[in-house]
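Asker: Going down the list, the sequences are from chains C and A.
Taking this note's numbering, the leading residue of the first sequence gets 19, the next gets one more, and so forth.
Taking this note's numbering, the leading residue of the second sequence gets 328, the next gets one more, and so forth.
Hints were generated in silico from the structure; no laboratory data involved.
Honestly, I wouldn't trust all of these hints.
[Unchecked claim] On the chain C side, residues computed to face chain A include the following (Cβ under 8 Å):
id	residue
1	Ala-36
2	Leu-60
3	Ala-93
[What the hints assert, rightly or not] Stretch-level coverage of chain C by chain A, calculated; a stretch enters the list once three of its residues show a Cβ under 8 Å from a Cβ in chain A:
id	segment
4	39 to 53
5	62 to 72
Being a predicted model, the structure only gives us computed values, none of them experimental.
Ideal Cβ positions, reconstructed from N, Cα and C, are used throughout, including at glycine.
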Amino acid sequence: MRLLAALVLSPPAALFAAAAALTSMPGDLSDRLVLSGLMFPLLWPVLFFFCYWPRSRLAPCAVLAVAATVCGFVAFRG
Amino acid sequence: MDQARHKRIHDLHSWLGVVCGLFVFIVSLSGVFSLFGDELRTWEDERLRIAVAPDPAPVMPMFSAFADEMAAAGRVLTLSLKLPTAAEPVYAGNAVVRHDDGTVRVIDRLWHPNTGARISLREKGLVHWVVDFHRNLMLDRTLGRIVVGMSGAILLLLILSGVVIHRKILREMHTWRLYRSVRLRWQDSHKAMAVWSLPFHVMFAFTGAWLGLVVIFVPLVAAIAFQGNPGAIFAAVSGEGAPPAGVSAPMFSIDEAAKRVEARVGRAPVVVTVTHWRDAGAVYTFRYREDEALISHGLAKVGGADGDIRAVYLVSKPGFLPRVLPAVTTLHYGQYGGLWVKFLYVLLGLALCLVTATGLMIWLERRLHGDRPRPLHRVLSRVTVGVCAGMGFATFAIFHVDRQLPADFAGRLAVVGSVYFGTWIAAALYALARRNEYRTCRDLLAATAVLAAALPVSNMAATGDGIAALLHEGHVYAAGVDIAGLAVGVTLMAAALRIPAGRPEARP
């Protein structure tokens, strides 16, 4: 379950989080693009790592699914 | 941290290392060689061993003819000219042209810096292989960069999990029990090298991941946040360039413009990019080396029609963030601080290779000499030794092959690639057949040492230029490659001779 979450959910969660940062952060668009671009390669390993942190096997799946959904919503709306 | 969590993170670190360790090793070692792509050029092609005269030939007549020819061939997407440098002492024009039928072609042209005579192009070979194997593993450019970028993300994950499971980092930095059991020796080497070079390895991993993954990040984010328009992202970062004036005009001399830029910034420009050729709104963008900032090049914009310097800057606008993107490549390839920084990067890159290889050996050592050794572990151990030690051997082999092929040889890259993979596979097969990993490692390292030390011989046999002659004529980069080959050969041979013939027993 953890490996599944790490392989399947962490890439879209990282991507949507970076895209949400791009659309919703304050500041100049080019600056936001730089920041979100730098976030993506950092977030992906961190979220992958996070999948092995909680005691519950389901927690990473739930957290990443919710994060991906919320961030995706913010990114598309922005 | 509770035991269960520690075990989970430890397992993540171990299995990720076992599954992806060789991949990270390959990208790291290829990165060490790719640092010297520019410096290898005069060694690779003896026709570029040119002593540039103090007053070189003006490039404008040749470049004008080239630019007009390109404009007549189709829509010019980019047009640039490299000015002579010590590493590449020629004028090198480059154009990317979209023809009427939609095909896009990249056209290169070289001119002698002293006479202006055209130099025929040599087919891509050693340098292209060394640089592009690290950038994209010689796969399709986009796919290859993504795959290599993923190695950076994997390395970040390995580093993160490694730091978390090693809770006594300060003590482990200073522990190196070389005369205890084999496993302890691997473990201490792995931890000490990893911890001492940690900041640089994090930087390599992060910048490498960014350089590779930005290729998928930009179109995906464009699809999500810019309604599928990647052009909007590029425009946001680079700004909309000024449109052409629509009035044709004669072009100002690039030679004179380069002199003006040099007088203004105190450094000779190395590249000029031309936009809107033969238009009153044409712009020359000169790049000059900026060694004192963490940015590889400064920029000077000059009017292409009037020769007036419009702006000189390091980054397009003030602030921290605009400096970040230009700094990423500079940091990753050590393009700051001169050759000494590159030599430091070599050591750190080799340390990363050793950390990866020792990590694999720890995992295998536990299984090979644990309770339940399996034949598969033995095979994995041999393959690991063959792949790791064979990669350097294959890389030095293509130096010799490329050097011995005639200058006008057709299909050079195919031969170089075939020899590279052929030699590498042969080394792996040798490791499988040899049945003794220690002797295999010793043999392959010794063979690599011989190939490296023989670089001056190969160069002299092909071109007649020895190290002394090269130094006397001022070709320091070509001589430097020969000297570096000798130094690497001696070092590797010394290392090979220290490898025991079999698994050593622990001292009491």
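Asker: Now tell me, hint by hint, if it's right for this structure.
Answerer: Evaluation of the provided hints:
| no. | hint | result |
| --- | --- | --- |
| 1 | Ala-36 | holds (7 Å) |
| 2 | Leu-60 | holds (7 Å) |
| 3 | Ala-93 | holds (5 Å) |
| 4 | 39 to 53 | holds (count 8) |
| 5 | 62 to 72 | holds (count 7) |
Against the hints set out earlier in the document, no violation occurs for any number.
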